[in-house]
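Participant: The residues making up each chain are set out below.
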Amino acid sequence: MSFALLETRGLCKSFGALEVSRDIGIRLEPGARHALIGPNGAGKTTLVNLLTGLLRPTRGSVLLAGEDVTTLPQAKRVKRGIARTFQINQLFRGLSVLENVCIAVSERFGLAGRMLRPAGLRTEVIAEASRLIELLQLAADAGRRVGELPYGRQRLVEIAIALGLNPKVLLLDEPAAGVPSAESHILLAAIGALPKDIAVLIIEHDMDLVFRFAERITVLVSGAVFAEGTPAEIAANRDVRAIYLGGAVDA
Amino acid sequence: MTQLPAAESLAARHRLRGWEALPWVAGIAVFFLFPSYLAFGTQVLVMVLFVLSLDLVLGYAGIVTLGHAAFFGTGAYVVGMLAMNWGWNEPLSGLLAAALVAGAVGLASGFVLLRTRGLTLLMLTLCTMALLEEASNMGSAWTGGFDGMPGLTFKPLLGLFPFEQLSFRPQYLYALAVLFACFVVVRTLVHSPFGQTLTGIRENLLRMHAVGAPVHRRLVTAYALSAALAGIAGGLFAQCNAYVNPAVLGLDRGAGALIMLILGGYGRLYGAFVGSLVYMLLEHTLAKAYPTAWQLGVGLILMAAALYARNGILGLAESLRDRLRGGIGR
Chain A
1 MSFALLETRG
11 LCKSFGALEV
21 SRDIGIRLEP
31 GARHALIGPN
41 GAGKTTLVNL
51 LTGLLRPTRG
61 SVLLAGEDVT
71 TLPQAKRVKR
81 GIARTFQINQ
91 LFRGLSVLEN
101 VCIAVSERFG
111 LAGRMLRPAG
121 LRTEVIAEAS
131 RLIELLQLAA
141 DAGRRVGELP
151 YGRQRLVEIA
161 IALGLNPKVL
171 LLDEPAAGVP
181 SAESHILLAA
191 IGALPKDIAV
201 LIIEHDMDLV
211 FRFAERITVL
221 VSGAVFAEGT
231 PAEIAANRDV
241 RAIYLGGAVD
251 A
Chain B
1 MTQLPAAESL
11 AARHRLRGWE
21 ALPWVAGIAV
31 FFLFPSYLAF
41 GTQVLVMVLF
51 VLSLDLVLGY
61 AGIVTLGHAA
71 FFGTGAYVVG
81 MLAMNWGWNE
91 PLSGLLAAAL
101 VAGAVGLASG
111 FVLLRTRGLT
121 LLMLTLCTMA
131 LLEEASNMGS
141 AWTGGFDGMP
151 GLTFKPLLGL
161 FPFEQLSFRP
171 QYLYALAVLF
181 ACFVVVRTLV
191 HSPFGQTLTG
201 IRENLLRMHA
211 VGAPVHRRLV
221 TAYALSAALA
231 GIAGGLFAQC
241 NAYVNPAVLG
251 LDRGAGALIM
261 LILGGYGRLY
271 GAFVGSLVYM
281 LLEHTLAKAY
291 PTAWQLGVGL
301 ILMAAALYAR
311 NGILGLAESL
321 RDRLRGGIGR
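Top line first, the protein sequences correspond to chains A and B.
The first sequence begins at 1 in our numbering and counts up by one.
The second sequence begins at 1 in our numbering and counts up by one.
Honestly, the hints are just simulated from the structure, not real lab data.
Hints are supplied without guarantee of correctness; some may be wrong.
Claimed, not checked - Pair by pair, the computed Cβ-Cβ distance ranges are:
#1 205(A) to 325(B): 37 to 45 Å
#2 29(A) to 8(B): 35 to 43 Å
#3 150(A) to 25(B): 43 to 51 Å
#4 134(A) to 318(B): 53 to 61 Å
#5 217(B) to 17(A): 31 to 39 Å
#6 94(A) to 8(B): 16 to 24 Å
#7 287(B) to 73(A): 49 to 57 Å
#8 15(B) to 134(A): 22 to 30 Å
Ideal Cβ placement from N, Cα and C applies to all residues, glycine included.
Modelling step: build the complete structure from the supplied sequences, incorporating the hints.
Facilitator: Listed below in C-alpha cells is the structure:
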C-alpha cells in the first residue's frame with residue numbers, strides 16, 4: 001500500500017439524532033484524482049467540512065501525511081496543506097481578482113500580519129498571485145472587482161485562491177456548479193491543468209466531468225461509503241447505477 | 001516576467017497623491033485666516049482623530065460598534081485623573097498614557113467581544129461603554145463623578161508653549177500635529193498586508209478562515225490599535241479643553257462618531273475628515289441660525305445623505321468622478 005496523503009478512519013458526524021457521516025474511510029495518495037459523488041444530502045459537503053476542520057467529527061480521525069489532525073483548527077490545517085473551494089462562491093467581492101489571490105498568498109508566505117511596508121510593494125506575493133492568475137487564464141480580469149465578473153470566472157477565482165495556499169491536498173466542492181455550459185470548458189481545462197503532485201478530491205454532479213477527470217470514485221449514500229473504485233468499476237456497478245446514476249452512463 | 005497592469009495599479013495604490021496635502025494645507029490656512037474659530041477648529045480636529053480610529057475597525061475590519069466612545073472616554077479620564085490626582089500634567093506623556101490604557105482596555109474587551117458578531121457584538125460594545133460610564137460615576141473620589149473634572153491644568157507643550165483657553169492657538173496646532181502623526185500610522189496600517197487582511201475579514205469571514213488566517217487575533221489587534229488611537233483623541237480632548245465630564249463616555253459621542261463616519265464615507269481614510277467637518281459645521285451654523293430647531297435641520301440632511309449617498313459624501317464624489325470619466329472614455 002503506498003503512502004496516503006490524506007486519510008480518514010471511521011469518520012462519523014451527527015447533528016443531534018441525525019447521522020450525516022457514518023464510518024467514512026477514504027484515502028488520497030499524492031497526485032490522486034479522486035471524485036466524490038452521491039445524491040443530494042448524502043453528506044458530501046459535510047465530509048469536506050470535516051476534512052478542513054470547519055466541523056469536528058463526532059468519532060473517528062483525519063490523518064494528513066500520517067499525522068492525526070482531527071483536533072487541529074482550520075487555520076492550522078491550511079498551513080499543513082489542505083485547501084478548499086466552496087460550493088457557493090466565498091470571495092472578497094469588493095476587491096480585485098489580484099487582491100483576492102494576494103490575500104491567500106501573503107497568508108501562505110506568513111506576511112499577512114505585517115504592518116509597515118505596503119502590500120503593493122510585496123513583489124514576491126504579487127508575482128506568485130500573478131502566476132496563478134495567468135495559470136487560470138484570468139489575466140484579462142486581474143484588475144476587475146470580483147463581484148463584477150461572470151459567475152464562471154468567479155469559480156476560477158475560487159480555485160486561484162485555493163492554489164495560492166500551495167496545497168498538498170485540494171478539495172473542490174462542486175467547482176462547475178452554476179457555471180453556464182458555454183463557460184464550463186475553461187473550468188474543465190483549469191481542473192485538468194492542476195499541478196500533478198497535488199492530490200485532488202472533487203465533489204461534482206456533472207458526470208461528464210467526473211468520468212473525464214477522476215482516477216478513483218467514491219459513492220456516498222446517506223452519509224456512508226456505498227461503493228469505491230475506478231470509473232470503469234463504478235460505471236459497471238449495478239447497485240450504483242440503480243441508486244444514483246439511473247442506468248444512464250456510458251463510460 | 002510580464003507585469004499585469006493590475007499589479008502596477010496595486011503597487012501604486014499607497015503612493016501619496018497631490019490632493020492628499022489638501023487637509024493639512026487647509027488645516028494650517030485656517031490657523032492664519034480664521035483666528036477666532038480655533039476653539040471650534042480644535043474640536044473638529046479631535047473629532048476627526050476619533051472618527052479615524054473608528055474607521056479602522058468599522059470601515060476596514062467591518063466591526064460594527066456603537067461603543068467606541070468607551071476608548072475616547074478612557075483616554076480623556078486617564079489624562080484627567082493623572083493631572084488631577086497625581087499632578088502628572090505633562091501633555092505628551094499624558095497622551096502616551098491615554099493610548100496605552102485605552103489600548104489595553106481595547107485588547108481585553110476585544111479579546112472577549114470579538115468572538116461574537118452582528119447584533120450581539122453591537123450590544124456588547126454598548127455594554128462596555130455603559131460599564132465604564134458607570135465606573136466613572138462610582139469612583140467619584142478619583143474621577144469627579146457626575147461633575148467630572150473641571151479646570152484641569154497642564155504643563156506647557158514641549159516645555160515651551162502654554163495652553164491658552166482664550167485663543168486656543170497652541171491647542172489647535174497641537175491637535176493638528178497629533179492628528180497628522182496618528183493619520184500617518186493609520187494610513188500605513190491600511191495599506192500594509194495587515195490592512196489588506198482586515199479588508200478580507202470584512203468582505204468574507206468564511207473565506208478568511210479558509211485561507212488559514214488567524215482571524216480573531218487580527219481583529220483583536222486592530223481593535224486594540226484603534227482603541228489606543230481613540231484614547232489619544234480623548235486625551236487630546238481633555239488637554240485642549242481643560243476638563244473631563246462623563247459625556248466623553250456617552251452614547252451621544254459614540255453614535256455621533258458613527259454618523260460622521262457614514263456621512264463622510266467609511267473605509268476611505270478621508271471620510272473621517274469630510275464627515276466630521278461637514279457634520280460639525282452643520283451643527284455649528286444651524287445652531288446659530290435656529291437655536292431651538294437646529295437638530296431638525298441636521299436630521300433632515302442626514303436622512304437625505306442616508307437615502308441618496310449610501311457611501312457618504314466621498315462615495316458620492318467617487319461615483320460622480322467615475323461617471324465623468326466613463327462619459328469621456330466612451
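Participant: Please go over all the hints and tell whether each is borne out by the structure.
Facilitator: How the hints compare with the structure:
1. 205(A) to 325(B): 37 to 45 Å: Cβ of residue 205(A) to Cβ of residue 325(B): about 43 Å, so the range 37 to 45 Å holds.
2. 29(A) to 8(B): 35 to 43 Å: Check passed, 42 Å falls within 35 to 43 Å.
3. 150(A) to 25(B): 43 to 51 Å: Holds, since residue 150(A) and residue 25(B) (Cβ atoms, about 45 Å apart) stay within the stated range.
4. 134(A) to 318(B): 53 to 61 Å: At 30 Å between Cβs, range violated.
5. 217(B) to 17(A): 31 to 39 Å: Taking Cβ atoms as reference, residue 217(B) and residue 17(A) lie about 36 Å apart, which means the hint holds.
6. 94(A) to 8(B): 16 to 24 Å: Hint holds: Cβ distance 20 Å, inside 16 to 24 Å.
7. 287(B) to 73(A): 49 to 57 Å: holds (53 Å)
8. 15(B) to 134(A): 22 to 30 Å: holds (25 Å)
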